[in-house]
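> With chain A fixed as given, assemble chain B onto it according to the hints.
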Amino acid sequence: MKGDKAVVDAMGNRWRTRTTLLPEAKLGDLVLIHAGFAISLVDEEEAKKTWQLIAEIDDFEETSNKVSG
Amino acid sequence: MLEKIYKAQSLMDAACKTLGRQINIMEVCGTHTVSIFRNGIRSTLPKQMKLLSGPGCPVCVTDQSYIDAVLALADCDDCLIATYGDMIRVPGRGGSLETKQSSANIKVVLSSEDALQLAKDNPKKIIVFVAVGFETTAPSTAVAVKEAAADSTDNFCILSGHKLVVPAMRALLSGKNHNIDAFLCPGHVSVVIGFGAFAEIVEHFGRPCVVAGFEPMQIIEGLSEISKQLTAGKAELKSIYTAVVTEKGNTTAQKIIAECFEPVDGYWRGLGKIEKSTLRLKEKYSRFDALKRFNITEEPHEDMSGCRCGEVLCGLIEPPECKLFAKSCTPQSPVGPCMVSSEGTCAAWFKYGRERKQN
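First to last, the protein sequences are chains A and B.
Under this note's numbering, residue 86 is the last one in the first sequence; the count climbs by one each step, no gaps.
Under this note's numbering, residue 434 is the last one in the second sequence; the count climbs by one each step, no gaps.
The following block holds chain A by itself, in its conformation from the complex (with noise of 0.2 Å):
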């Protein structure tokens, strides 16, 4: 982070963003990302939960693969 210009790891892809609309924004933050810009912080705890949920659907896709061969 330097001023309002930041880089985001978006699951292992990295990408220039602005913290000028989400001051309050720290290094180490979760944030949500639009047209360039951080408009939100996320919540760690529902973070979570949407990437256990990925993962379940993942293991769910896997396992319909394998039943219908």
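Hint data in this document are derived by calculation from the structure and do not stem from the laboratory.
Hints may be right or wrong, so weigh each one.
Here chain A is said to cover these stretches of chain B; the calculated rule only asks that three of the stretch's residues, wherever they fall, bring their Cβ under 8 Å from a Cβ of chain A [said to hold, decoys possible]:
{"no.": "1", "region": "184-192"}
{"no.": "2", "region": "200-214"}
{"no.": "3", "region": "244-256"}
{"no.": "4", "region": "262-268"}
{"no.": "5", "region": "384-398"}
When the alpha-carbon atoms are kept at most 30 Å apart in a straight line, the in silico DSSO-like pairs for lysine-lysine are as follows [as the list claims (entries may be wrong)]:
{"no.": "6", "chain 1": "A", "residue 1": "K22", "chain 2": "B", "residue 2": "K182"}
{"no.": "7", "chain 1": "B", "residue 1": "K199", "chain 2": "A", "residue 2": "K43"}
{"no.": "8", "chain 1": "B", "residue 1": "K330", "chain 2": "A", "residue 2": "K43"}
{"no.": "9", "chain 1": "A", "residue 1": "K22", "chain 2": "B", "residue 2": "K330"}
{"no.": "10", "chain 1": "B", "residue 1": "K426", "chain 2": "B", "residue 2": "K182"}
{"no.": "11", "chain 1": "A", "residue 1": "K22", "chain 2": "B", "residue 2": "K359"}
{"no.": "12", "chain 1": "B", "residue 1": "K79", "chain 2": "A", "residue 2": "K66"}
{"no.": "13", "chain 1": "A", "residue 1": "K66", "chain 2": "B", "residue 2": "K82"}
{"no.": "14", "chain 1": "B", "residue 1": "K303", "chain 2": "A", "residue 2": "K65"}
{"no.": "15", "chain 1": "B", "residue 1": "K367", "chain 2": "B", "residue 2": "K330"}
{"no.": "16", "chain 1": "B", "residue 1": "K82", "chain 2": "A", "residue 2": "K65"}
{"no.": "17", "chain 1": "B", "residue 1": "K357", "chain 2": "A", "residue 2": "K22"}
{"no.": "18", "chain 1": "B", "residue 1": "K221", "chain 2": "A", "residue 2": "K19"}
{"no.": "19", "chain 1": "A", "residue 1": "K22", "chain 2": "B", "residue 2": "K323"}
{"no.": "20", "chain 1": "A", "residue 1": "K66", "chain 2": "B", "residue 2": "K323"}
{"no.": "21", "chain 1": "A", "residue 1": "K19", "chain 2": "B", "residue 2": "K330"}
{"no.": "22", "chain 1": "B", "residue 1": "K323", "chain 2": "B", "residue 2": "K351"}
{"no.": "23", "chain 1": "A", "residue 1": "K19", "chain 2": "B", "residue 2": "K195"}
{"no.": "24", "chain 1": "A", "residue 1": "K19", "chain 2": "B", "residue 2": "K323"}
{"no.": "25", "chain 1": "A", "residue 1": "K66", "chain 2": "B", "residue 2": "K125"}
{"no.": "26", "chain 1": "B", "residue 1": "K199", "chain 2": "A", "residue 2": "K65"}
{"no.": "27", "chain 1": "B", "residue 1": "K303", "chain 2": "B", "residue 2": "K125"}
{"no.": "28", "chain 1": "B", "residue 1": "K175", "chain 2": "A", "residue 2": "K22"}
{"no.": "29", "chain 1": "B", "residue 1": "K221", "chain 2": "B", "residue 2": "K313"}
{"no.": "30", "chain 1": "A", "residue 1": "K22", "chain 2": "B", "residue 2": "K79"}
{"no.": "31", "chain 1": "B", "residue 1": "K195", "chain 2": "A", "residue 2": "K65"}
{"no.": "32", "chain 1": "B", "residue 1": "K195", "chain 2": "B", "residue 2": "K175"}
{"no.": "33", "chain 1": "B", "residue 1": "K221", "chain 2": "A", "residue 2": "K43"}
{"no.": "34", "chain 1": "A", "residue 1": "K43", "chain 2": "A", "residue 2": "K19"}
{"no.": "35", "chain 1": "A", "residue 1": "K66", "chain 2": "B", "residue 2": "K303"}
{"no.": "36", "chain 1": "B", "residue 1": "K402", "chain 2": "B", "residue 2": "K367"}
{"no.": "37", "chain 1": "A", "residue 1": "K22", "chain 2": "B", "residue 2": "K351"}
{"no.": "38", "chain 1": "B", "residue 1": "K330", "chain 2": "B", "residue 2": "K221"}
{"no.": "39", "chain 1": "A", "residue 1": "K43", "chain 2": "B", "residue 2": "K313"}
{"no.": "40", "chain 1": "A", "residue 1": "K19", "chain 2": "B", "residue 2": "K82"}
Yeah, the Cβ is synthetic: ideal placement off N, Cα and C, and Gly gets one too.
Frame of chain A, contents of chain B only:
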């Protein structure tokens, strides 16, 4: 996860049984539309529950006159058009930005900051930023305008097509033909405006408004919450997208919108003129307003011949009811904007929904 889905299905069944008629729920966000199709959510709903896709795709709601103005500016040798990628294939009277021979004058950008940088890198050109989008995108345009003003980047200007969601919902409910029982409200617009902004829709029109995220379970839980309210005969405001949406929203973003823009009456595809629904630059930033710089008048233009995107956007017809759908209008050769944008209802139906129609 399955337990939650079964519970949601029983709540939806109960709502259909209680009301004893078709229930129409409008999702007012293109990203919801795509997620609903991609995740096969429609096929899991009771037969009497219908999802209508509303005016939530920025490119789709943009009036034809705006598209034609952008195309005219693309023909000016002095201009460089900076646009988000999804505008590039929208057809107008003179083709689309993609088919323009002057394509050297057209640059796709990922943010307003990139557009401003283009202005700094090309001081002999006038950079016109094609500023479309709802309240989620408007603040980033405002940041670029403020920065252009601060460092006198006077060869930068914007053609503001930024639109406000709540006036469109109000206009839909004020129309005679609407058939909307409830709204699944947009997630990321709500990040900026706060879920409290939908209170007037609940209070004045008595329609449940539930803000949800874009993961499939968020959408299913949103529909489930709406069903609960409809069964109980209630209309309430609720957000289940608690990870990022608050009641008041992002006040920094709201302030920067208010500093640069003011709401004016504006034209929407399908909905016509809506009071105070479009953002225009305030007088103190008017030198960055492409409307003023190029003397562009805002008269509504007719949609492309035979195109029924307007009715699709109001939830009055489903895309297969349009004679052009999947015939002369396809994602490869689109006639209307709803087939162009990845968030467009027609594109989603083309990609995911056609088997359903044949059944």
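> Confirm or reject each hint.
Okay, the hints, checked on the actual structure:
Proximity of the region 184-192 of chain B to chain A, defined as three or more residues with a beta carbon under 8 Å from a beta carbon of that chain, is established by the 5 residues found. Proximity of the region 200-214 of chain B to chain A, defined as three or more residues with a beta carbon under 8 Å from a beta carbon of that chain, is established by the 4 residues found. With 0 residues having a beta carbon nearer than 8 Å to a beta carbon of chain A, the region 244-256 of chain B misses the requirement of three or more and the stated coverage is violated. Counting residues of the region 262-268 of chain B whose CB lies closer than 8 Å to any CB of chain A gives 3, which reaches the minimum of 3, so the coverage claim holds.
Restraint check on the region 384-398 of chain B versus chain A: 0 residues with Cβ-Cβ distances below 8 Å, three needed, restraint violated. Restraint check for K22 of chain A and K182 of chain B: the C-alpha separation of about 23 Å stays at or below 30 Å, so the hint holds. A C-alpha spacing of about 39 Å is found between K199 of chain B and K43 of chain A, which places the hinted pair above 30 Å, so the restraint is violated. Taking the CA atoms of K330 of chain B and K43 of chain A, the gap is near 21 Å; set against the 30 Å cutoff, the hint holds.
A hinted pair counts as satisfied when its Cα atoms are at most 30 Å apart, and K22 of chain A with K330 of chain B qualifies at roughly 20 Å. A distance of roughly 27 Å separates the Cα atoms of K426 of chain B and K182 of chain B; the hinted pair therefore holds under the 30 Å criterion. At most 30 Å may separate the alpha-carbon atoms for a hinted pair to count; K22 of chain A and K359 of chain B meet this at roughly 26 Å. Proposed proximity of K79 of chain B and K66 of chain A is supported: the alpha carbons are some 14 Å apart, at most 30 Å.
With a CA separation close to 19 Å, the supplied pair K66 of chain A and K82 of chain B stays within the 30 Å bound. Between the alpha carbons of K303 of chain B and K65 of chain A the distance comes to roughly 27 Å, so the proposed pair stays at or under 30 Å and holds. A distance of roughly 24 Å separates the Cα atoms of K367 of chain B and K330 of chain B; the hinted pair therefore holds under the 30 Å criterion. Of the pairs offered as hints, the one joining K82 of chain B and K65 of chain A holds, with about 23 Å between alpha carbons and a cut-off of 30 Å not exceeded.
Proximity of K357 of chain B to K22 of chain A is assessed by CA-CA distance (about 27 Å); at most 30 Å being required, the pair is judged to hold. About 19 Å separates the Cα atoms of K221 of chain B and K19 of chain A, which keeps this hinted pair within 30 Å; it holds. For the proposed pair K22 of chain A and K323 of chain B, the alpha carbon gap of about 25 Å is at most 30 Å, so the pair holds. For the suggested pair K66 of chain A and K323 of chain B, the alpha carbons sit about 24 Å apart, so the restraint of at most 30 Å is met.
Between K19 of chain A and K330 of chain B the CA atoms are separated by roughly 23 Å; this keeps the pair inside 30 Å, and the hint holds. Among the hinted pairs, K323 of chain B with K351 of chain B is consistent with the structure: their alpha-carbon atoms are about 21 Å apart, no more than 30 Å. Distance hint between K19 of chain A and K195 of chain B is fulfilled; the C-alpha atoms sit about 21 Å from each other, no more than 30 Å. As the CA atoms of K19 of chain A and K323 of chain B are separated by approximately 28 Å, the hinted pair is consistent with the 30 Å bound.
In summary, the hint linking K66 of chain A to K125 of chain B is supported, as the alpha carbons are separated by about 28 Å, within the 30 Å threshold. Of the supplied pair hints, the one linking K199 of chain B and K65 of chain A is violated, its CA atoms being roughly 49 Å apart against a limit of 30 Å. Note on K303 of chain B and K125 of chain B: the hinted pairing holds, with a Cα-Cα distance of about 16 Å set against a maximum of 30 Å. Using a Cα cut-off of 30 Å, the hinted pair K175 of chain B and K22 of chain A is violated, with the two alpha carbons roughly 35 Å apart.
For the suggested pair K221 of chain B and K313 of chain B, the alpha carbons sit about 34 Å apart, so the restraint of at most 30 Å is broken. For the hint linking K22 of chain A to K79 of chain B, the alpha-carbon distance of about 40 Å lies beyond 30 Å, and the restraint is violated. Restraint check for K195 of chain B and K65 of chain A: the C-alpha separation of about 41 Å exceeds 30 Å, so the hint is violated. Simply put, K195 of chain B and K175 of chain B have alpha-carbon atoms about 24 Å apart, close enough for the 30 Å limit, and the pair holds.
Of the supplied pair hints, the one linking K221 of chain B and K43 of chain A holds, its CA atoms being roughly 24 Å apart against a limit of 30 Å. For the hint linking K43 of chain A to K19 of chain A, the alpha-carbon distance of about 11 Å falls within 30 Å, and the restraint holds. At roughly 23 Å between alpha-carbon atoms, K66 of chain A and K303 of chain B fall within 30 Å of each other, so this suggested pair holds. Distance restraint check for K402 of chain B and K367 of chain B: the Cα-Cα separation of roughly 40 Å exceeds the 30 Å cut-off, and the hinted pair is therefore not satisfied.
A threshold of 30 Å between alpha carbons decides the hint, and for K22 of chain A with K351 of chain B the separation of about 33 Å lies outside it, so the pair is violated. With a C-alpha separation of about 12 Å, the suggested pairing of K330 of chain B with K221 of chain B holds against the 30 Å cut-off. A C-alpha spacing of about 29 Å is found between K43 of chain A and K313 of chain B, which places the hinted pair at or below 30 Å, so the restraint holds. For the hint pairing K19 of chain A with K82 of chain B, the CA-to-CA distance comes to about 47 Å; that exceeds 30 Å, so the pair is violated.
Comparing the model with each numbered hint stated earlier shows that hints 3, 5, 7, 26, 28, 29, 30, 31, 36, 37 and 40 do not hold.
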